[in-house]
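Novice: Using the sequences provided together with the hints, build the complete structure.
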Amino acid sequence: MIFPHIEHHGAARGVTGSCHQLHADAANSYLVDCGLFQGVESSGGEKAGQGRLEIEFPLDTVRALIATHVHIDHVGRIPYLLAAGFQGPILCSEPSAKLLPIVLEDAFRLGVSRDQDKVERYIKLIEQRIIALPYKTWFTLQDTPNLHCRIRLQRAGHILGSAYIEIDLRYPETGEEKRIVFSGDLGAAHAPLLQAPNPPYRADIVVLESTYGDRLHESRRTRRQRLRVIIEKALEDQGTVLIPAFSIGRTQELLYELEDIIHRAQTKPPGRGLGGSVQTSDPETNWPELPIILDSPLASRFTVAYRELKPFWNQEALKRVQSGRRPLGFEQLIKVDTHSEHLRMVQHLARTVRPAIVIAGNGMCSAGRIVNYLKAMLGDARHNVLFVGYQAAGTPGRAIQTYGPDGGYVDIDGERLGIKAGIASIGGYSAHADQEGLVKFVTGARRPPSHIRIVHGEQSAKRALAARLEAIYQGKRQALQVTISQ
Numbered sequence: 118m119i120f121p122h123i124e125h126h127g128a129a130r131g132v133t134g135s136c137h138q139l140h141a142d143a144a145n146s147y148l149v150d151c152g153l154f155q156g157v158e159s160s161g162g163e164k165a166g167q168g169r170l171e172i173e174f175p176l177d178t179v180r181a182l183i184a185t186h187v188h189i190d191h192v193g194r195i196p197y198l199l200a201a202g203f204q205g206p207i208l209c210s211e212p213s214a215k216l217l218p219i220v221l222e223d224a225f226r227l228g229v230s231r232d233q234d235k236v237e238r239y240i241k242l243i244e245q246r247i248i249a250l251p252y253k254t255w256f257t258l259q260d261t262p263n264l265h266c267r268i269r270l271q272r273a274g275h276i277l278g279s280a281y282i283e284i285d286l287r288y289p290e291t292g293e294e295k296r297i298v299f300s301g302d303l304g305a306a307h308a309p310l311l312q313a314p315n316p317p318y319r320a321d322i323v324v325l326e327s328t329y330g331d332r333l334h335e336s337r338r339t340r341r342q343r344l345r346v347i348i349e350k351a352l353e354d355q356g357t358v359l360i361p362a363f364s365i366g367r368t369q370e371l372l373y374e375l376e377d378i379i380h381r382a383q384t385k386p387p388g389r390g391l392g393g394s395v396q397t398s399d400p401e402t403n404w405p406e407l408p409i410i411l412d413s414p415l416a417s418r419f420t421v422a423y424r425e426l427k428p429f430w431n432q433e434a435l436k437r438v439q440s441g442r443r444p445l446g447f448e449q450l451i452k453v454d455t456h457s458e459h460l461r462m463v464q465h466l467a468r469t470v471r472p473a474i475v476i477a478g479n480g481m482c483s484a485g486r487i488v489n490y491l492k493a494m495l496g497d498a499r500h501n502v503l504f505v506g507y508q509a510a511g512t513p514g515r516a517i518q519t520y521g522p523d524g525g526y527v528d529i530d531g532e533r534l535g536i537k538a539g540i541a542s543i544g545g546y547s548a549h550a551d552q553e554g555l556v557k558f559v560t561g562a563r564r565p566p567s568h569i570r571i572v573h574g575e576q577s578a579k580r581a582l583a584a585r586l587e588a589i590y591q592g593k594r595q596a597l598q599v600t601i602s603q
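Every position in the sequence shown, counted from 1, becomes a number in our numbering once 117 is added.
Any given hint could be a false lead.
[Said to hold, decoys possible] The calculated lysine-lysine pairs, modelled on BS3-like cross-linking and capped at a C-alpha distance of 25 Å, are: (1) 537 x 350; (2) 295 x 593; (3) 253 x 557.
Rather than coming from a laboratory, the hints here were simulated on the basis of the structure.
Specialist: So, in structure tokens, the structure goes:
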């Protein structure tokens, strides 16, 4: 084996289960992420026949786990990693260090045990393993006569705390040096709350995600306007707009945008109607009185944590807070906590003829409270489903998004549901960079890489991104090897 060597234990053929092992030499390796598989990837899409949870690679050389961010498809297999005998530290950014125990507590309760004593012991163990790293600061992982390894985290702009990883390897005996960059999930420009990612200064090898490697997003600069227009059109049916969203990242972005829509509606000066009469309210939607329902205890916990992490917000968000606004805790926000309250809310909204917006997890409709809303409302044309994030192949969300506009059906929990509700999607809300953003991340490096490994995408997206990068570097007459993970 030639070192450094990179091995993929997830997100090689698909977009979930991220787990990459960097072998620095025969005795030392490092894991970047250890996430759960979702959709068809949870039943053998990566490697046929495995249970999708067990750690099926040796851990004897693994010295540390580095988490790019706390989405479940990047950290959800950590309980199984510990159970398999992993003894090393878990390194992540300072915001991720606050968010990770919340994510893993929920994952442990769902997948391992609900026993409170076991949960508390497990979370204490996690917290003891975590090493919180500030951005832009080198941290030495290993310093021996045979190997020097250091890492640095840089903002990735995907969710709060997300990072791309720079790993420097130096071999004292030969003098050889390599810098490997793992992109993690890169965010798109102009994301609410988050500072945009900057390209690495240099890299020899880049392991690059490709979720949207074959397409361009709609403009994020105008996405608040598109969100408002789509919601107002949907609410004309006097029903509920269901927005499936993951508890961390997307939910907080939506709340931030909805607060801004409400704020603008409250402060908009009266317009002039026919004959010069003053119009004192928006005739279509009374935003200041529209209930925004957050039906997710986990999302509520994350939203509180987000508020506590204000120092990591971008300048625009901080200015709103300084002006007295509450971007993540506005007056119209209704939080639903208990399961009984959730069931009553589902029944109430299914029966009533009053517009409302519901944000509930999970984002791909494969589990969580959104499922009960879909069962109650998909068959009613008064209601609408608005997708604002990527829907992985094999998930109910992908089926609804694909077949719903034509009045198709979806199978959820063994039940076939006909779709009469309206279905809409906003591409500009993706938390992932599009092809242009991914290309800029690589080409923006002062010292460009000689090797790019494309992971974390469907095959069509990876091929399209590879072709684009090869064409760019061929035009620059620079040598570049592009490898597509299989």
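Novice: Are the hints correct? Go through all of them and say.
Specialist: Hints, verified against the model:
1. The hinted pair formed by residue 537 and residue 350 meets the criterion: a straight-line CA distance of about 16 Å does not exceed 25 Å.
2. Straight-line distance between C-alpha atoms of residue 295 and residue 593 comes to about 23 Å, which keeps the hinted pair within the 25 Å bound.
3. Distance restraint check for residue 253 and residue 557: the Cα-Cα separation of roughly 20 Å lies within the 25 Å cut-off, and the hinted pair is therefore satisfied.
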